[in-house]
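A.B. asks: Chains as they are written, first to last, in our numbering: chain H, 1 to 318; chain G, 1001 to 1246.
These are computed hints drawn from the structure, not numbers from a lab. There's no promise every hint is true.
Said to hold, decoys possible - DSBU-like mimics (lysine-lysine), calculated; alpha carbons at most 30 Å apart, straight line:
#	chain 1	residue 1	chain 2	residue 2
1	H	Lys-80	G	Lys-1009
2	H	Lys-182	G	Lys-1107
3	G	Lys-1009	H	Lys-137
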Amino acid sequence: MSVLVYVESKGSTFAKAAWEVVSYGKKIAAQSGDKCIALIAGSAGDPGSLSEYGADDIICVSDTQLDDFDSGQHAALIAKIAKDESAHTVILSHSAKGKSLLGRVAVQLDAGCVSGVNSLPEQGDSFKVRKSVFSGKAIATYEINTPVRVISLMGNSVPPEKQTGEGNVSNREIELPARREKVVDRAIVSGKVPLPEAERVVSAGRGMKGPENWGIIEDLADVLNATTACSRPVADSGWRPHHEHVGQTGVAIRPNLYIAAGISGAIQHLAGVNNSKVIVVINKDPEAPFFKAADYGVVGDLFEVVPRLTAAVKKFKS
Amino acid sequence: MKLLVCISKTPETTAKISFNDNATEFNADGVQFIMNPYDEWYALVRAIELVESGGGSVTAINVGNATNDIIIRKALAIGADDAVRIDVEPASAMSVASEIAHYARGKGFDIVFTGKETIDYNGSEVGGMIAELLDLPYVSFASDLQISGDKKVLKREVEGGVEVIEIGGPLVVSAAKGMAEQRIPNMRGIMMAKRKPLEVIAPQNFKDQVKVVKYSLPKEKTGVKLVDPENMDELVRLLHEEAKVI
Ligand SMILES: Cc1cc2nc3c(=O)[nH]c(=O)nc-3n(C[C@H](O)[C@H](O)[C@H](O)COP(=O)(O)OP(=O)(O)OC[C@H]3O[C@@H](n4cnc5c(N)ncnc54)[C@H](O)[C@@H]3O)c2cc1C
Ligand SMILES: Nc1ncnc2c1ncn2[C@@H]1O[C@H](COP(=O)(O)O)[C@@H](O)[C@H]1O
């Protein structure tokens, strides 16, 4: 028996989520005394580096067809390897690819599945994992009753841990079903860390008055090496691009640090950000609801406070 | 084109979340339910637009009990042509997907739409399951869907960017923001919805493979620590020494 982990590449290296799932998979494998097998689909960086996070076996299926994502092909590949390796648990990242694959793989393996898991399985007779539900307003414990299960791991929830030990790297050829999802173009939005993966986020709302004032937010984000975000009305008015919109109907994020300036803290906004580890709120209205959800608050005019904070971070860094 | 739109029901976004029976069940007392925003604003509206410009029909489908008829009627009021409700309270994504796939199989739908996720359990599971059960391609988190000749051209949101995908035959798509603009049903739509067909179908009753055994509430914040707006050095110190995030 084994635990199979599907890792995602990012250019010539691995995405942070890859270290997380391998490390998580290793811990589950250790609970049942099984091997943790990492599966790399398509071209990737140094497969051996996955053993640093606990992969016992690393299987590379380096068919270049797999470089362009097709959910049917990738799901078939994962299911085939899971069967060949008698995996009792298959782990994906709760990423764009992971979300496209989870349901497909579960159907192929006749497996129970839970997406967006943020804890290790509870010790006990049955397989129980937790996830955040109702947009962060509650936590649910799920029990999976099938011999094989598929789960996707929420990013930034179980920190990866380094391990010692050598992994076996092997290559495998698999016959893939025909491609049906043809990738004809691709646009990368910015060089910055994408919001769902960002560890630090600086976000601003209608309190900014207009798009021309965003320089101070970008400056603060730059010194913190953070990604920028915004509230929904800001994106809806075209002040900022839509991919920056966080909240219930936008991107859900879980950075270590979330700084919100000129955002009132409506419940739908909080729904997308309340899994942040530390929240800093800058608002001139001491009654703004966001302060109730914040760890640190600054009551003041953001046009003065934000540049002052930027200067303070610069000073601290030098 | 023949289109199927999967619509689900979720608690209204500001609803207070509580549990009963030793925290094993969601307490629906006094909770307002709405159509899942992704299903309503993006999936359903885009499907209606496609039929408006190219002809065909939009069928809305829901797996659930009779209390869901209100949201199904709303889908009809917004512009779906007819609706189907599979009469079982769903307990897992797999049973929802299995019921829908069982219904859709062999009916020749060109596109099956879902929302990118339900805002209650945030699953993002049902669409991929339907695609696999019906052996169709699946584009998840699509922010754009155009028909160009006999091809469908979609934008799929991926980490840090978008991919443009082309698909020949039928497919399953999960709709994200950007695909369409919310439509408010008008009086005429609401009147017409009353006369549109809503077929209630007996379920297949698939076995559930997963279930929620317990709920809990997240740790409360201990309270905000206010920092003097003149003294941002102090905030940086706290973030470094106390919170350890910079
Ligand atoms: C179904 C539904 C889904 C929604 N989904 C989302 C979502 O995903 N994300 C989202 O963000 N919203 C969402 N909303 C909208 C949400 O309810 C709020 O309307 C929105 O978040 C408010 O944005 P804001 O905080 O930028 O603006 P406002 O609420 O207008 O707040 C602006 C704040 O800036 C402060 N301010 C003004 N000037 C200054 C200054 N000089 N210095 C410091 N502070 C200042 C004000 O005190 C105020 O608190 C949704 C709404 C609904 C109904
Ligand atoms: N009970 C249901 N009936 C019909 N469609 C559903 C149901 N539950 C979920 N869906 C569809 O599947 C999508 C994703 O749901 P989920 O996988 O639960 O996040 C939703 O946006 C709906 O389009």
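A.B. asks: So, for every hint listed, does it hold in this structure?
C.D. replies: To see whether the hints hold, each was checked on the structure:
no. : hint                    : verdict
1   : H/Lys-80 to G/Lys-1009  : violated, 35 Å
2   : H/Lys-182 to G/Lys-1107 : holds, 25 Å
3   : G/Lys-1009 to H/Lys-137 : holds, 17 Å
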